[in-house]
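Student: Sequence:
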Amino acid sequence: MVGAKVSHIESLDYEINENDLFKQDWRSRSKVQVLQYVFLKWKLAFLVGLLTGLIATVINLAVENIAGYKLLLVSGYVQEKRYITGLFALTGANFLLTLIATVLVVFFAPTAAGPGIPEIKAYLNGIDTPNMYGAATLFVKIIGSIGAVSAGLDLGKEGPLVHIGACIASLLGQGGTDKHRVKWRWYRIMNNDRDRRDLITCGASSGVCAAFRSPVGGVLFALEEVATWWRSAILWRTFFSTAVVVVVLRTFIEFCSSGQCGLFGNGGLIMFDVSNVTVRYHMMDIIPIALIGLIGGVLGSLYNYALHKVLRLYSLINERGKLAKILLSLTVSVFTSVCMYGLPFLVGCTKCDTSISNFQCSTTGRTGNFKRFNCPEGYYNDLASLLFSTNDDAVRNIFSTNTPGEFHPSSLIIYFVLYCILGLFTFGIAVPSGLFLPIILIGSAYGRLLGIAMGSYTKIDCGLYAVLGAASLMAGSMRMTVSLCVIFLELTNNLLLLPVTMLVLLIAKSVGDCFNLSIYEIILELKGLPFLDANPEPWMRNITVAELADVKPPLISLRGIEKVSRIVEVLRNTTHNGFPVIDDDVTVPSSEAGGTKARELHGLILRAHLVAVLKKKWFLEQPRRTEEWEVRQRFTWVELAERDLNFEQVAISKNEMEMYVDLNPFTNKTPYTVVEDMSVAKAMVLFRQVALRHLLIVPKYQGAGIYPVIGILTRQDLRAHNIQTVFPHVAKSKGREKQK
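So the mapping is simple: the numbering used here equals the position in the sequence shown, first residue as 1, plus 22.
Hints are computed from structural coordinates only; laboratory data are not their basis.
Since this is a predicted model, take the numbers as computed values, not measurements.
It cannot be assumed that every hint is accurate.
Have a look at the derived ranges for each label pair, beta carbon to beta carbon [unchecked claim]:
id : residue 1 : residue 2 : range
1  : Ser478    : Leu349    : 46 to 54 Å
2  : Phe130    : Ile309    : 30 to 38 Å
3  : Gln655    : Ala158    : 46 to 54 Å
4  : Thr107    : Pro521    : 47 to 55 Å
5  : Gln58     : Trp252    : 23 to 31 Å
6  : Gly98     : Trp258    : 45 to 53 Å
7  : Phe277    : Arg51     : 37 to 45 Å
8  : Glu547    : Val369    : 38 to 46 Å
9  : Ala556    : Gln655    : 55 to 63 Å
10 : Asp375    : Arg272    : 33 to 41 Å
11 : Leu338    : Arg216    : 34 to 42 Å
12 : Phe130    : Phe277    : 28 to 36 Å
13 : Glu547    : Gly343    : 20 to 28 Å
Derived DSS-like pairs (lysine-lysine); straight-line CA-CA distance at most 27 Å [claimed, not checked]:
id : residue 1 : residue 2
14 : Lys201    : Lys638
15 : Lys201    : Lys637
16 : Lys585    : Lys619
17 : Lys619    : Lys691
18 : Lys676    : Lys638
19 : Lys722    : Lys691
20 : Lys63     : Lys53
21 : Lys691    : Lys45
22 : Lys63     : Lys45
23 : Lys619    : Lys722
24 : Lys638    : Lys722
25 : Lys639    : Lys676
26 : Lys676    : Lys45
27 : Lys481    : Lys373
28 : Lys585    : Lys676
29 : Lys639    : Lys574
30 : Lys574    : Lys722
31 : Lys639    : Lys585
32 : Lys201    : Lys639
33 : Lys331    : Lys344
34 : Lys691    : Lys637
35 : Lys65     : Lys201
36 : Lys45     : Lys639
37 : Lys676    : Lys691
38 : Lys585    : Lys691
39 : Lys344    : Lys549
40 : Lys704    : Lys574
No residue lacks a Cβ here, since even glycine has one placed at the ideal position from N, Cα and C.
When you get a sec, could you build the whole thing from the sequences and use the hints?
Tutor: As structure tokens, this is what we get:
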């Protein structure tokens, strides 16, 4: 059976259900109601941007102050040569912060672990990812991100911010939590999968904008990476949401620049402004730039491969229970703290270069390019400048321009190797974590190393090489191009970097695609989410949808006027979410008197609608067609849009079992259908692009004795892995094609 041994996660109803109730509701809407509906969408998009910007500000304020005071305390111990005390202070503080984040995730919201971007991508693809956007998940994501990032773990808050934006959008779209919702009729009109999908897209783009202060990059990230279905109306609303986020962030940055936000000043939001740096490059610089792209593609694919293995190992450890998850997180925290504190002692001190403009050397605070750490006055520790600071400050330090001799190659090599190890073993523990910042730091390290190696042979600054290295590794691992290019342009504020950034991204993505999938696609596979790719496999054109229908269980259908006992039997014995409604001996309208008799495919009815009918006990004593006014008295289209599949709570008496239900008003009369000879590849493209949940297969020939529906295709039936399980010869032919 196709899709037998797969995840039981359900799909979402993005298709408009054109039943009688929907048509009546659509006809009865006045212009004022339509304007209210449109205004509500824009108002919710505004609130998504506003709340995402406010929460991002709170997270940055908390991280900068907690991590800042922690580093100031430890720096004081180092200056007093109380090295053991400093080690225990740093390790203990990070241990406590990691413990708080892990306990919240493990006991209150397990879905808050990780970045959340793969799950958002799956949701917008049409997969119902349960418990991903609740109030508990939002709260734990915020507090957990503050704790994990402040603990100095090799992770970022960028991925969690995307998830936070999506949680805000989902809660606003459904009017609150699952248990406590707003019941206003004008608000409940948004309570459907289709409108919630559009709002979550706004939330995801707002999260990226909040992380990088990149409004256009946030919109393009949603378009390129997470959204499966796109239209111009979503483009406008996502752009509006990101514009609101930028205004909020800019307002708080201006307010905090006067020192009224504690240690939050220039830090907190990644911004590498090189607008005052003259970017010069010649034809010979194309060679090292292309080399950066090549290295980024190879290293990105290797990073994805290694992370895949580590995540498989972690899944085995996490299966041992909650205590194992907590111990794993704390072990990573202690190892990270010891490396951050101990490794700077292994490198020598460097004398300050007084010729550097805006010179400020041998600082002991939490910020600054030249950290004194354990060095005497007038000297600095270059490795401490990268390790003994927040991740945002480390990005600024390694991206710094006009400082060609600031970092020694040996220190950059140590930093590169360490962050490769930490990046692999930190992602996957039970804390909110993002991949953006670790990959940026790893890529910038080898980018700056290449800039140092080029020396006088290039006109490009070492700091700009670091920017290109970070971009190349992100493209090699995440396989994004357009959105990454715009994000880095908005980060650097220098359009002169556009040609070289485009070249690096294109080369890195092309090289990475030759080896394996992107990191988010790998995570989707590990989580077992039935994600449908944009491009079907070539061998899918050799299989027809009729062949898929033949290996599925027999089709279960209902009649237009069905007995209650039959509906109860179907709901109890199956888990299907859609059933074709077919009537026998229906008179075909014709010019001849009396017409002819035939079977009629009335449409498709959803499981949720059957449950709604049974819950309201809308039964008939005799089988008959109901009038339109009878249905409108008991049901509204807004009520049917809510997904309620809890059939177990419905109590049906013995007498009610013998009654009837008119299913015609609830049936979608215009379901999408395909002819049995259509290839699976073509059906999959239709299924994905139209965002379907059910696709009916109809026979090629129509006539007496021929059933009007052959089968129903769902998401699980169209997945390549499930098809290969049922048709082993397809996998064998695929292997022969590869050998050729």
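Student: Taking only the CA atoms, is the gap from Lys676 to Lys638 under or equal to 27 Å?
Tutor: 16 Å, holds
Student: Hinted pair, alpha-carbon criterion (27 Å max): Lys63, Lys45. Please report holds or violated.
Tutor: It holds: about 21 Å lies between the C-alpha atoms, which stays within 27 Å.
Student: Does Lys574 pair with Lys722 here, judged by a C-alpha cut-off of 27 Å?
Tutor: 19 Å, holds
Student: Is Lys201 close enough to Lys639, meaning Cα to Cα at most 27 Å?
Tutor: 24 Å, holds
Student: Could you say whether the range 47 to 55 Å given as a hint is met by the Cβ separation of Thr107 and Pro521?
Tutor: 51 Å, holds
Student: Need the status of pair Lys344, Lys549: alpha-carbon distance at most 27 Å?
Tutor: 18 Å, holds
Student: Tell me if the straight-line CA distance from Lys704 to Lys574 falls inside 27 Å.
Tutor: Cα-Cα ~19 Å, so holds.
Student: That 45 to 53 Å hint for Gly98 and Trp258 (C-beta), does it hold up?
Tutor: 52 Å, holds
Student: Are Lys619 and Lys691 close enough, with their CA atoms no more than 27 Å apart?
Tutor: Holds, because 20 Å separates the two Cα atoms, which is no more than 27 Å.
Student: Run the distance test for Lys676 versus Lys45: straight-line Cα separation, threshold 27 Å.
Tutor: Violated, at roughly 34 Å.
Student: What's the verdict on Lys639 and Lys574, does the C-alpha distance respect the 27 Å limit or exceed it?
Tutor: 33 Å, violated
Student: Indicate whether the distance between the beta carbons of Phe277 and Arg51 respects the range 37 to 45 Å.
Tutor: 44 Å, holds
Hint compliance for this structure: hints 2, 3, 9, 24, 26, 29, 37 are broken, all remaining hints hold.
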